[in-house]
Amino acid sequence: MAVSTARAAENLHHHTNIFSRAPYVQLATHESIFVVWRTEGKMQPVVRYGTAPEKLNREASRGAVITRFATTNKNVKLPAGVAKLHSAPEGTYQYEAKISGLNPDTRYYYGVFDGDKRLTGRDPSYHFRSHPIPGTHRPMRFWVVGDSGTGREMQSIVHSAMVQWTAKENRPIDFYLHVGDMAYSRGRDVEFQTRFFEMYEPTLRNVVCWPAMGNHEGATSKGTNGVGPYYDAYICPTRGEAGGLASGLEAFYSFDYGRAHFICLDSHDLDRRPTGMMAQWLKADLEYTQQDWIIAYFHHPPYTKGSHDSDREKQLIEMRTHIMPVLESGGVDVVLTGHSHIYERSMLMDGAYANPTVAENVILNDGDGDPAGDGPYRKSAGIHPNEGAVQVVAGHGGTTVRRKGTMPVMRKIIVEHGSVLIDIAGDTLTGIMLNKYGERRDLFSIVKRGEVAPTRLANPWQPDKWSPPKGTDGKDPPAEPPEDFFIAIEKHAQWHYLAGEHPGTNWMRADYDISDWKTGEAGFGFGDNDDRTVLSNMHSNYTTVYIRRTFEIEQADTIAEIGLMIAYDDGFIAYLNGKEVVRTGVGSGSGRKARDIKTHDANGRYDYFAFKDYEKYLKDGVNVLAIEGHNKDLESSDFTLDPYLIVED
Amino acid sequence: MRARNAWGVALFSALLSSAQVTCAHDSPEHEIEALTEKMRANGASATLLARRASEWQSLRKLDHAQADLEHAILLGSDSVGLRTELARIQAAQRHFDAAHKTLERALTLAEEGMERCSVYMQRAEVREANGEHALAVEDCERAFGVPSPPLDWYLTRARLTGRTGRWRECARGLKEGLEKSGSIVLEIEWIEALIDAGECREALDRIQPHMVRARRKSSWLIRQGRAQAGMNSQAEAQSSLKAALQEIETRLDAAKPEGRLLAERGLAHALLGNRPAAAQDLEKARMLLGEAAPFTSCIERLERVLGK
Numbered sequence: 001m002a003v004s005t006a007r008a009a010e011n012l013h014h015h016t017n018i019f020s021r022a023p024y025v026q027l028a029t030h031e032s033i034f035v036v037w038r039t040e041g042k043m044q045p046v047v048r049y050g051t052a053p054e055k056l057n058r059e060a061s062r063g064a065v066i067t068r069f070a071t072t073n074k075n076v077k078l079p080a081g082v083a084k085l086h087s088a089p090e091g092t093y094q095y096e097a098k099i100s101g102l103n104p105d106t107r108y109y110y111g112v113f114d115g116d117k118r119l120t121g122r123d124p125s126y127h128f129r130s131h132p133i134p135g136t137h138r139p140m141r142f143w144v145v146g147d148s149g150t151g152r153e154m155q156s157i158v159h160s161a162m163v164q165w166t167a168k169e170n171r172p173i174d175f176y177l178h179v180g181d182m183a184y185s186r187g188r189d190v191e192f193q194t195r196f197f198e199m200y201e202p203t204l205r206n207v208v209c210w211p212a213m214g215n216h217e218g219a220t221s222k223g224t225n226g227v228g229p230y231y232d233a234y235i236c237p238t239r240g241e242a243g244g245l246a247s248g249l250e251a252f253y254s255f256d257y258g259r260a261h262f263i264c265l266d267s268h269d270l271d272r273r274p275t276g277m278m279a280q281w282l283k284a285d286l287e288y289t290q291q292d293w294i295i296a297y298f299h300h301p302p303y304t305k306g307s308h309d310s311d312r313e314k315q316l317i318e319m320r321t322h323i324m325p326v327l328e329s330g331g332v333d334v335v336l337t338g339h340s341h342i343y344e345r346s347m348l349m350d351g352a353y354a355n356p357t358v359a360e361n362v363i364l365n366d367g368d369g370d371p372a373g374d375g376p377y378r379k380s381a382g383i384h385p386n387e388g389a390v391q392v393v394a395g396h397g398g399t400t401v402r403r404k405g406t407m408p409v410m411r412k413i414i415v416e417h418g419s420v421l422i423d424i425a426g427d428t429l430t431g432i433m434l435n436k437y438g439e440r441r442d443l444f445s446i447v448k449r450g451e452v453a454p455t456r457l458a459n460p461w462q463p464d465k466w467s468p469p470k471g472t473d474g475k476d477p478p479a480e481p482p483e484d485f486f487i488a489i490e491k492h493a494q495w496h497y498l499a500g501e502h503p504g505t506n507w508m509r510a511d512y513d514i515s516d517w518k519t520g521e522a523g524f525g526f527g528d529n530d531d532r533t534v535l536s537n538m539h540s541n542y543t544t545v546y547i548r549r550t551f552e553i554e555q556a557d558t559i560a561e562i563g564l565m566i567a568y569d570d571g572f573i574a575y576l577n578g579k580e581v582v583r584t585g586v587g588s589g590s591g592r593k594a595r596d597i598k599t600h601d602a603n604g605r606y607d608y609f610a611f612k613d614y615e616k617y618l619k620d621g622v623n624v625l626a627i628e629g630h631n632k633d634l635e636s637s638d639f640t641l642d643p644y645l646i647v648e649d
Numbered sequence: 001m002r003a004r005n006a007w008g009v010a011l012f013s014a015l016l017s018s019a020q021v022t023c024a025h026d027s028p029e030h031e032i033e034a035l036t037e038k039m040r041a042n043g044a045s046a047t048l049l050a051r052r053a054s055e056w057q058s059l060r061k062l063d064h065a066q067a068d069l070e071h072a073i074l075l076g077s078d079s080v081g082l083r084t085e086l087a088r089i090q091a092a093q094r095h096f097d098a099a100h101k102t103l104e105r106a107l108t109l110a111e112e113g114m115e116r117c118s119v120y121m122q123r124a125e126v127r128e129a130n131g132e133h134a135l136a137v138e139d140c141e142r143a144f145g146v147p148s149p150p151l152d153w154y155l156t157r158a159r160l161t162g163r164t165g166r167w168r169e170c171a172r173g174l175k176e177g178l179e180k181s182g183s184i185v186l187e188i189e190w191i192e193a194l195i196d197a198g199e200c201r202e203a204l205d206r207i208q209p210h211m212v213r214a215r216r217k218s219s220w221l222i223r224q225g226r227a228q229a230g231m232n233s234q235a236e237a238q239s240s241l242k243a244a245l246q247e248i249e250t251r252l253d254a255a256k257p258e259g260r261l262l263a264e265r266g267l268a269h270a271l272l273g274n275r276p277a278a279a280q281d282l283e284k285a286r287m288l289l290g291e292a293a294p295f296t297s298c299i300e301r302l303e304r305v306l307g308k
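Chains as they are written, first to last, in our numbering: chain V, 1 to 649; chain G, 1 to 308.
Okay, chain G solo, but in the shape it has when bound:
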């Protein structure tokens, strides 16, 4: 699973923070050693196990982290924080059924409000990772029952509704988040969703100020090209996309290209009809972005254009 539901993390952190040591944070190995020593002397406790699980995670030893969290829960300290963290680790190891069961239990423990909604959001992400997109959207909508959803939830919801082809709904949700926060990330995704929803005139109007202000214009040129193509202004679209390609070539480091920029080049190629070059960029971008690739909006668009 890609996403780390930040609120789930917050619940877990709250559990950990009550038991921080008073010295400056040491390396994870030192912390693990100290915690193990402490448990050897005084016996294991849920708090110490949870802290050690956190350290294992920072060393990316997920199986150790999972074992500690399971042990913590067995010690009778069942909590939403422990459960959501355990589910996150299970899902990261692609143990989706186990993660689902863990979250079911978390839901029975969670209080109404933010705590419960964050569990729904985490379950949405587990479902997404397991390919259950429609169910994921349902969970996401449940999560949005909270009065002030965290900003990154708007992105998650947009991605999920986009995956089910509900672009107008996707754009509406993003606009709501944008109005609350002014976030440029939500604005960009909103404009992209407008184009996907066929509302290209409005998208073009929104793109224009950015075309003037941005130092690097390629991503805006691609958006402009997509919107122009959506309005059947093919010549203008081609011109925008070619200009984008030209700029990207000056920015891409041939030896160590940046994944998202490569994906943008691929998208420009694809929209210009150069499928082999687009496919090549897609493949390389996927490799560079690793497990984040399937969740990168530019990659998603490129895959759609290429029909992959």
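Okay, chain V solo, but in the shape it has when bound:
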């Protein structure tokens, strides 16, 4: 949204105490952490903290708060000391307060203040724990989730399952890794807000989410220059601030926690080849680390047959053929990925770089890795090259799960929503897959002790062959509406409608004259007793009905999604401000030239259809929604067109 210079300038000086993004923590080390938040106007940013909730007796120094401001207005000159916030709504301030001088491995409580006015609640829920000194022996637990950023109920359920599990065990997570696709569908700022920050807010205020770039975030953020909503949202190390070597870019980085070294790669938009900057950095970083465990995470899985196929897709093949040799010769223990909407977990494996992937001679231990089953996977103490790694594909965090085949190196393949919890204590790493019901669906363990001589299995155990269930067409089930939405056009609202004739070609545009159209309540139709405006003459006479109405949106650039809830029979095309945004059941053409209408029964059910590319067409103020409903033919026994409009902001 473009605003005037005057408004932008006003925003620069206006005080407010409303968070437009609630406080969250970033880039923790053993002696520092960032607290980040956003407001819609300027404030006097202060973070106070202390080791007891009622005693916030220390304060982040003024000079340690970075202020960023979002404006697209080139006439607005940013004041000295204010940096640009690239992708947020106009007039947004983002504050990044660095708290330094912390004691290692210590819980601190904090509050965000506007001057002396406390903005965060007085409850003790705002706290974080500084990292232990790198190299310290300390048990750790972290959460791994991928492909979750739908803003739908499933994302919330998967998150709750983790929260409840850790509460039940009285062992909270120390941090979490997101392996990408955290803000569908294009990683826009508003999608980050509604589908990531708001969904995970209670967790994000306490622990750092260390992110990996997914392809959906990559639609709006670029790893090469670190610009976009993803890079606005996160503070990632570029100069080895949290352990590891300086990458120079936020797109790939490493950090230490206790005796473990974590490596994040950008598998989406950077050169994955051995000669690329990322692979060269990776090799150097692996040669440096002194920790006992190496965990790598990135978005595109080197091995999968979930919703993606690593034998066929370029990014996945390149991660396998270019990056895996470097990781394995560097002694990696676990590789965590997403992208493929499934849970897959491998046996202990090494050197599987061929295409297609085969299990023969790359599996070092074909057991299930469960201490109560075939026993844990075993490796030598410390870091040794090519002693095997476990691959975990955790792309099941929220979006539709799917399987398209069997990856032969996998020990567990589970087509269910969930996430992964990993504990490391001394020489033992334990991973579990927690499903959406909070049930443990997989457990594996790696023990690094003594000296182990790896042997390659010529004929390892292999998962059963799998074929798609009969009757499925391989397509996604109907879309779910967002979890949080408001209604922009009510159910059974009054619409203008035209039935029994065709309008001019521009009928869907706002400036088209519809003064001679009738008005009636949705739904429109006949023959199935579900209609409020009954079109009693439609049968045998005409097949198309046109409806229109306006709705208002205050600020279009804060809308994360907009879509129709609609009961329909048989097909329809929807237009937003004159542009087609949904088409279903209409093969080609429109209006009188619509062809190939497919049969569909409403059955009293409202299906959800998100508008495509709505951000290009949606305006501040009054918008026009137009829908043409089509019956399959003149003799069809019924017709239904019953929409309402929902909006996620």
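These are calculated hints, taken from the structure and not from any lab test. Nothing here was measured: the structure is a model prediction, and the numbers come from that model. Glycine is no exception: its CB is placed at the ideal position from the N, C-alpha and C atoms. There could be a bad hint or two in this list.
[Stated by the list, open to error] Which chain G residues stay away from chain V? Per the calculated CB distances, all over 12 Å, these:
#1 Asp-78
#2 Glu-111
#3 Arg-251
[To be verified] Result set (DSSO-like, lysine-lysine): computed pairs, CA atoms no more than 27 Å apart in a straight line:
#4 V:Lys-314 - G:Lys-284
#5 V:Lys-404 - G:Lys-61
#6 G:Lys-38 - V:Lys-632
#7 G:Lys-38 - V:Lys-314
#8 G:Lys-256 - V:Lys-314
#9 G:Lys-180 - V:Lys-98
#10 V:Lys-632 - V:Lys-598
#11 V:Lys-314 - G:Lys-61
#12 G:Lys-38 - V:Lys-404
#13 G:Lys-256 - V:Lys-412
#14 V:Lys-616 - G:Lys-38
#15 G:Lys-180 - V:Lys-77
#16 G:Lys-38 - V:Lys-579
#17 V:Lys-598 - G:Lys-38
#18 V:Lys-593 - G:Lys-38
#19 V:Lys-632 - V:Lys-579
Please arrange chain G on chain V, whose structure you already have, making use of the hints.
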């Protein structure tokens, strides 16, 4: 052509991102099927063709991708993003003349600044792949006219200036990038360039802290050996190189050696005068690294030492 000019990709991605579907990304086959279906119903459009080209590329079907991009351009949607992407695909198929022509056209369309500079950088890479190193350096310098060049451009420039033997210039450029970013990759290449430029004392000073901190020291030992040899400290150089070899032997997986590590072993052998072992490692490393081999700095150095 090896390199994928990330800024060229960014231009193309920008074109694609305006037309993403709202569902989670499906497999390329599904996407291609859906896009084909859509074009069958509503006719082809540049945006849909560009999206399908991107999916073809992820399946490595470059000829299909090229056809879609050419069709998109024919539909009147000529743009720098489409042109640079098309040139990249043409060059990957070694159609250098076609790639060159495509980029010439892109330059006429590109706006001043990052867009234009990224086209120059891509043309530098096409020229490099075609063996026109001096011209490639010229294009690279044009590309560096932009205020904040992406970090990987520093590596490309260093490689190209190195190929023309301009080591001091190469080191200077890398130092500039290092000071901006702190990147360890640029630091390593800078130290290597210092050695190649004969500034071995400074290189040794820079190597020393890494020798202390690194868990695996072989690559630093080789650098140290090269610098010591450059200062005519032959005995010290031999000792460093032998220590490097010793460590590499413990790290190399005999069954599935990692290409770059093998190239390092080859370089250590070569610097120690063991040419047959070095040549053997070079050959195997080239095989393992495939099309990336000619652009791997360690391979380049090994080839230089062996006179290949």
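How the hints compare with the structure:
1. Asp-78: Correct as stated: the minimum Cβ-Cβ distance to chain V is 21 Å, above 12 Å.
2. Glu-111: For G:Glu-111, whose nearest Cβ neighbour in chain V is about 16 Å away, the distance exceeds 12 Å, so it holds.
3. Arg-251: violated, 5 Å
4. V:Lys-314 - G:Lys-284: holds, 24 Å
5. V:Lys-404 - G:Lys-61: Holds, because 21 Å separates the two Cα atoms, which is no more than 27 Å.
6. G:Lys-38 - V:Lys-632: holds, 20 Å
7. G:Lys-38 - V:Lys-314: holds, 24 Å
8. G:Lys-256 - V:Lys-314: Measuring from Cα to Cα gives roughly 22 Å; hence the hint holds.
9. G:Lys-180 - V:Lys-98: holds, 22 Å
10. V:Lys-632 - V:Lys-598: Holds, at about 6 Å.
11. V:Lys-314 - G:Lys-61: holds, 10 Å
12. G:Lys-38 - V:Lys-404: holds, 23 Å
13. G:Lys-256 - V:Lys-412: Measuring from Cα to Cα gives roughly 26 Å; hence the hint holds.
14. V:Lys-616 - G:Lys-38: holds, 20 Å
15. G:Lys-180 - V:Lys-77: Cα-Cα ~25 Å, so holds.
16. G:Lys-38 - V:Lys-579: Roughly 16 Å between the alpha carbons, so the hint for G:Lys-38 and V:Lys-579 holds.
17. V:Lys-598 - G:Lys-38: holds, 16 Å
18. V:Lys-593 - G:Lys-38: Holds: V:Lys-593 and G:Lys-38 sit about 17 Å apart, inside 27 Å.
19. V:Lys-632 - V:Lys-579: holds, 23 Å
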